[in-house]
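Based on these hints, arrange chain B on the given structure of chain A.
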Amino acid sequence: MLDKIWLLIFGMAVVTWLPRLLPAALIERMHFSRRMEKFLRLIPYTAMTAMIVPGVFRVDPQRPLIGLAGCLAACLLAWRGASVMVVVLAAIGADLLLYLVF
Amino acid sequence: MNNSWRRQYLRGVHAGLPVIPGFIPVGIAYAVVALSARFNAAETILMSVTVFAGASQMMAVGMYTQGAGMLAIILATFMLNLRHLIMSTCVIHLIRHSPLPVRLLASLGVTDESFGIFTTGQAEDHTAAYFFGLITVTYSAWIAGTALGVFASGLLPDVLTASFSIALYAIFIGIMVPNLTRNLRLALLVLMTAGCNTALSQMMDSSWALILSTLICAALGVFFVDPDTEGKQEKAGQGGVSDAG
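First to last, the sequence lines map onto chains A and B. Residue numbers for the first sequence follow my numbering, so the first one is 1 and each next one is one higher. Residue numbers for the second sequence follow my numbering, so the first one is 1 and each next one is one higher.
Hints are all accurate, no fakes.
Some chain B residues flagged as far from chain A (calculated, every beta-carbon gap over 10 Å): (1) ASN3; (2) TYR9; (3) HIS14; (4) ALA15; (5) GLU124; (6) PHE151.
Covered, in the sense of this in silico footprint (three residues per stretch, anywhere, with C-beta under 8 Å from a C-beta of chain B), are these stretches of chain A: (7) 15 to 26; (8) 55 to 67.
Keep in mind the hints are simulated off the structure, nothing from the lab. Owing to the predicted nature of the structure, the values given are computational and were not obtained by experimental measurement. Even for Gly, the Cβ is constructed at its ideal location relative to N, Cα and C.
Same shape as in the complex, but just chain A (with noise of 0.2 Å):
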């Protein structure tokens, strides 16, 4: 178990090192199409939003309700502006409410 977590880590920090010092080495040579370099830009999208659905409905596998609040709560205040930290603080104060409450 703990060698396996080890070897996560470090796998995930090859692959982190990776696209961050490629461009450092290769910076003369670096030639991307548009088309390629638009697809990167939506990755960061498409890979938080399957992050979020359906994941956060099994925040509490018993209770749906919990990751359904804490997303309204944040996508709420994210709409109205508030910076991330007040998102994040926000979504868990609503949890804390419901657990506290039910």
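Just chain B now, with coordinates in the frame of chain A:
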């Protein structure tokens, strides 16, 4: 020379300060999620020291909690960090006359935030010293936040720890929603991805569904979403890339 290096470094430190209130709570949230995924204190901090990518670390511990395999987590991390290829290109382009070892070291500090601050800065601040000052702050804040989370979570009641589980999702929502309100086609892509991933999750392991829907939907998005209409940070990044090309 030495004096100007120091002045530039300190200017970079100053520019990085606003990142602290953002990174500390995210670092704490990451540490809490990691500990609840049964990482020990050393493993939790080691990941922040070596990986230094908030979203990837959050995703990794999230996937680990859901029982995802090691290969799936590393592949998902790679996918998520492909954007750093572009960001690193923009940053490195601005300091391309620095020696190779300096460029390599600087590139390891490229994150969404250091990229945004550096590439939108003034022309005279586009020095390696300034960037090192900037990432000294972001890197320290990230590790300090992680350490705080590791230390504080032992003192937190269970109900609070449970509530922190939503932080992973709230961070992504907080990052995405402001851009979605400015770009409805991007919002449409996000809704499409949510549907796609929900459907694929019924058919296969959720971590592979995540990778597939990320790739398929981003590829489809190329045909109808224009990411250029986001914020000035994205536009600055765009300029850096076309300069490089």
